[in-house]
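Peer 1: Below are the chains, spelled out letter by letter.
4 protein chains.
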Amino acid sequence: MGNSLGKIFTITCFGESHGTCLGILVDGCPAGLPLSQTDIQAELDKRRAGQTTGSTTRGEKDEVEIISGVYNGFTTGAPIGMLTWNKDVDSGNYKKNKSAPRPGHADYTAFVKYGGFNDLRGGGRFSGRITVALVMAGAIARKLLGLSGIEVLAHTVEIGGIKATPKEIAEIKRNVDRSPLRCADPKAAAEMAQLIEKAEKEQDSIGGIIEGIALNVPAGLGEPVFDNLDGELAKALLAIPAVKAVEFGAGFNAARMRGSENNDLFTLKDGKIVTTTNNAGGVLGGISNGMPVVVRVAVKPTASIPRSQETVDAAKMEKTTISVMGRHDVCIVPRAVPAVAAMMAVTLCDFALRAGLIPRVIK
Amino acid sequence: MGNSLGKIFTITCFGESHGTCLGILVDGCPAGLPLSQTDIQAELDKRRAGQTTGSTTRGEKDEVEIISGVYNGFTTGAPIGMLTWNKDVDSGNYKKNKSAPRPGHADYTAFVKYGGFNDLRGGGRFSGRITVALVMAGAIARKLLGLSGIEVLAHTVEIGGIKATPKEIAEIKRNVDRSPLRCADPKAAAEMAQLIEKAEKEQDSIGGIIEGIALNVPAGLGEPVFDNLDGELAKALLAIPAVKAVEFGAGFNAARMRGSENNDLFTLKDGKIVTTTNNAGGVLGGISNGMPVVVRVAVKPTASIPRSQETVDAAKMEKTTISVMGRHDVCIVPRAVPAVAAMMAVTLCDFALRAGLIPRVIK
Amino acid sequence: MGNSLGKIFTITCFGESHGTCLGILVDGCPAGLPLSQTDIQAELDKRRAGQTTGSTTRGEKDEVEIISGVYNGFTTGAPIGMLTWNKDVDSGNYKKNKSAPRPGHADYTAFVKYGGFNDLRGGGRFSGRITVALVMAGAIARKLLGLSGIEVLAHTVEIGGIKATPKEIAEIKRNVDRSPLRCADPKAAAEMAQLIEKAEKEQDSIGGIIEGIALNVPAGLGEPVFDNLDGELAKALLAIPAVKAVEFGAGFNAARMRGSENNDLFTLKDGKIVTTTNNAGGVLGGISNGMPVVVRVAVKPTASIPRSQETVDAAKMEKTTISVMGRHDVCIVPRAVPAVAAMMAVTLCDFALRAGLIPRVIK
Amino acid sequence: MGNSLGKIFTITCFGESHGTCLGILVDGCPAGLPLSQTDIQAELDKRRAGQTTGSTTRGEKDEVEIISGVYNGFTTGAPIGMLTWNKDVDSGNYKKNKSAPRPGHADYTAFVKYGGFNDLRGGGRFSGRITVALVMAGAIARKLLGLSGIEVLAHTVEIGGIKATPKEIAEIKRNVDRSPLRCADPKAAAEMAQLIEKAEKEQDSIGGIIEGIALNVPAGLGEPVFDNLDGELAKALLAIPAVKAVEFGAGFNAARMRGSENNDLFTLKDGKIVTTTNNAGGVLGGISNGMPVVVRVAVKPTASIPRSQETVDAAKMEKTTISVMGRHDVCIVPRAVPAVAAMMAVTLCDFALRAGLIPRVIK
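Chains as they are written, first to last, in the numbering used here: chain A, 1 to 363; chain B, 1 to 363; chain C, 1 to 363; chain D, 1 to 363.
Simulated from the structure, these hints should not be mistaken for laboratory data.
Do not take every clue at face value.
What the hints assert, rightly or not - Some chain C residues close to chain B (C-beta under 8 angstroms, calculated; not the full set):
| hint | residue |
| --- | --- |
| 1 | Asn3 |
| 2 | Ser4 |
| 3 | Phe14 |
| 4 | Thr20 |
| 5 | Asp27 |
| 6 | Gly81 |
| 7 | Gly115 |
| 8 | Val176 |
| 9 | Lys363 |
What the hints assert, rightly or not - Chain A side only, calculated, beta carbon under 8 angstroms to chain B, not exhaustive:
| hint | residue |
| --- | --- |
| 10 | Leu195 |
| 11 | Gly220 |
| 12 | Phe226 |
| 13 | Lys300 |
| 14 | Ala303 |
| 15 | Lys319 |
Cβ atoms here follow ideal geometry from the backbone N, Cα and C, with glycine treated the same way.
Please model the entire structure based on the sequences and the hints provided.
Peer 2: Here is the structure:
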């Protein structure tokens, strides 16, 4: 229960960090979309490890295999199954501390919920590796949205308290994929990289903030009062491990503004109704208003740190300490960037299909 | 589409601000819960207008009527229908500006989505008045959760940039209902009240931040990877008009901490596993960890302000200005507090039923 | 749980036989559909009692009240709430036998499921009166389908073993509404009426078979492999109290044919691909094939009969007898006919919306 | 869209007849259930081809591979992924008639729905081979139900018009697995086998009727008014290719009985409330009543027959003829028997979980 998302464009996620594979089913994708392994792989490669300092040494190639729903290079309308087999698995470190939950991890909650039957190797279902599955689904969603001209991008706007200078969309697009930290501001990125190195030396970890932007989203997507565009986006983004907060447009700052400042005034531009500012982040009353959909998520610092932390031995019910060894990223933010874009795309795609914006057969 | 929420405890919302009524159906409520109009009315009264400066002059009594699902004082297991008839409706101000969308409102997005057929009197479906329906559902959820000892409270922690000093749970409980601003810190509340008066004089509005807290939530609620406790809470809370951001525990601040600071260490207390801090806000890996579930939402300043604002006349496609008259709250935060508690309760209730924590028949 | 049906066009049913009202919410109806009380009332009147021998003496007028979702004579895109207040309630007969379940009724199963808290007056949620709600929703669905030329009709094809002679569609349409038994064959109808009178005299009841036909359904509706057109229709039809079986096209007879007889051969007619026969009942592989969708449902004889029947007293756990007095129809078939058409319409409407056949705004 | 079934115990089906694999995901299975490939394989083997005359010559071994959700021999609470790789694929016969739809098949409807992009090799998603996936899910459901003593069986009761003599449950259990036709009456089975041989010689096919029986189902399962036990069972069973009708208990015969005959009288047996007959098929008001749940489904004759049939060439829009070669069963009934049991088990399992009958962790 709980591993499916979306009403028309429905993704169902499965697989474990140290199990056989990670996989996702995409049901409801229109027939007739050209789709190949290459389309998926390009997105997957962006989240692969080893592109920056402090990244995990686990050397997964993450090669996607499409096992259903595609025939002769086109989607068939049947569910699309995609798998990435786990190959470089080393579960040695996870056996030691079986009964001592790692602070900041889901070990304890999963233990309670699943009665200790959950696969805790590498975090099992709670590993950041599940974003492999999300990114695979996102790749399809992005292709579909592209047919309507909708683009989704995500970039790092803050790491360890260092804020990137805001950039124009064009510059973000240009810079983000060539920045190992997925940050459009090279100067800030350099400082962030130093901070990551520092945290690594200190056997610690750091977090940050990712901004997701969807461009050319037409006005009218979202299904109030409960299936709001912002509500569904928030839910989808909180499925990314380590995300602890979500804000749209001015977000928490809106709470500190006057109405006269925060209200985005309507005006005309090129014969279309637009707003002069975008404090709403492209969403009014749970429905897109035609402006860019802008969302920011807080990513907590990686829970796995080598330094000794206090915990309890749940079997003996006594205090103990733990040093989380395994293979982890000092800062997960850069590798979560493709997952943010993926979850935005998946959500928007579902709304576009609900609204009839994308046809059921692509011609 | 989009007006139902929850998998087992499912609420379906209907009605308009200036229509016949506001209503909600609660399906999936276990049979055997003692329930009367009084239970619901007590919650509704907390969100009624006129309790503070700058509150709308619309004088709705908001009397609940239960129209199904309750027999002989107990829930029957059938859907519970609840209505509040609209009585003090004055739609005069809404007819004037039919084609000029009010900045910060859903007028424009609803117009596009529903082709102009939406009922725009008083904001129609997008009015803050729909929280009447949410609060009615929340009243039932709170009673059900109470059977397991789970309590939900909400309070104002910030208005117009003025922050309340953090208080102990006991003090929050004691103060919140007697504070017209629903703020547990009387000193801050006095300043907030002044700020609201000032904004009103300046024909402007202000926003703020509400914190919701759920106590005694057992570890194990939440259905990863998509139906996470935090994800579903965020979605439910973003259904409250004017909410633009949601954070759990340390939230955005977590993004600025080190892992060694942010990780909540496990320890033992009274023979139970607890954490020494609660930066996680009671949720790890999408599942409750037994600590209080703590969430904060940003409420934007009321979009309706009397001062003149630029907008466009969508019929003529030319620029114009608008002064939003109607009857509105200068600061909606205090009246959104019961809605925050309601949506938390509704969400937790659904998870408690999914987990089998609440039986299908109350005995 | 369980009182909502449909994915895009979603109906949620509430109310009890002897409670305050019967009601239904229709969520997902496109905006811009002209809709008035009169549209709904016309359908409701067809299922009203007292039109034939042996019909209940309960004199409900069943006047619909629309309480949300319609503004200025058009649907707004918001959920449409419809109520029928119960007025002629006489619950005297239901109090007597509280602990002795009536054979053939849901008294026993509801007692077990809801721990005795269910409202058993008049059968509560299990009364045939809930079809009032279904018919109200069906009225909207029929109007929507009509925009695409889709028509749904239903008629009595068998009562108490007396079979109506098959008639052409045109004749069925002409005859059904003027026949109190909703039977297109006047000769058979006369015999059926006599049989009903006979059963009434013998303090007994009889059942029958209803056929539903949907015309002009385009090929392509249905979402295999689980949300098949036939599967969803069957589920929707089995929600009508007393329905015990559903068959499509040749149905059970198909099981006795050869493939060479049962296969509907494709041919061309007026430039379109059609089949020469319709053993498939318009559904192949769970998807409509462009031929009329034909379904037959078996309606069991009314469970309420005045003659003495053996049962048990569940409180004392001893055998007893019961005579079901109340006010009931000797044969419920004619009054179930509008419900069959309603449930077909509701289901087809949902599929038409899923397929994008009906736009989200009617213009 | 449409490839998931169930609310708590949710199965999602994928894969094609001549594609890479057939697979199913089971989400919502409680943690702690002992589960191995062997458990699944035993059920799969029952539906394998080649066990009787007239069976397809396609020699698939159908070996299940569990790719997620099981760890150390127990379910983990995460989604269970199961695959069967297709190995003996011969798509030669399907390329020939690409534009001429086979009578009785989904070729035409799938072509319209998916714009010709559907994989039509071997019927693609519409092949009887998808029951491999259903049976894999059913194997898990049966194990879970077994924990509560619930047993599900299915058997052939009619083929080509030849009816099996009704047998006691014990005899059905004893005979069904050793009968290649899954018929508990050896005498009837012999006649059925002859009829199949005859049909094969005549290049034709035959159908039949399967009965499913669930034993020890406690009273109280089912969620009226829409998620009825019978409604959900019917929907699930109609997902099996070739099923055209479903009836419960007396089914269509109930329509011909008097109320006094059809009503099942309540009585006491071993201190429990039971009924003296089971015309209701174990379901009253959409809820199980504690008696065996009895359902019968009509299976149409195999649509694929070698003899020449009329059809149209959809590309040229002209009449043509077709001889369906491929590899098919003359009578699919025996191989559909395990699918009937599987879909009953899957549906009952979902209801048992909804009702809290099966805990979320098996201990």
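Peer 1: Give a verdict on every hint.
Peer 2: Status of the hints after comparison with the structure:
1. Asn3: holds (5 angstroms)
2. Ser4: holds (6 angstroms)
3. Phe14: holds (4 angstroms)
4. Thr20: holds (5 angstroms)
5. Asp27: holds (5 angstroms)
6. Gly81: holds (5 angstroms)
7. Gly115: It holds, given that the least Cβ distance between Gly115 of chain C and chain B is near 4 angstroms, below 8 angstroms.
8. Val176: violated (32 angstroms)
9. Lys363: holds (7 angstroms)
10. Leu195: Hint violated; Leu195 of chain A Cβ to chain B Cβ min 10 angstroms, cut 8 angstroms.
11. Gly220: holds (4 angstroms)
12. Phe226: Since chain B brings a Cβ to about 4 angstroms from Phe226 of chain A, closer than 8 angstroms, the hint holds.
13. Lys300: Holds. Min distance 4 angstroms.
14. Ala303: Check passed: Cβ of Ala303 of chain A comes within 6 angstroms of chain B, closer than 8 angstroms.
15. Lys319: Cβ of Lys319 of chain A sits 6 angstroms from chain B, so the hint holds.
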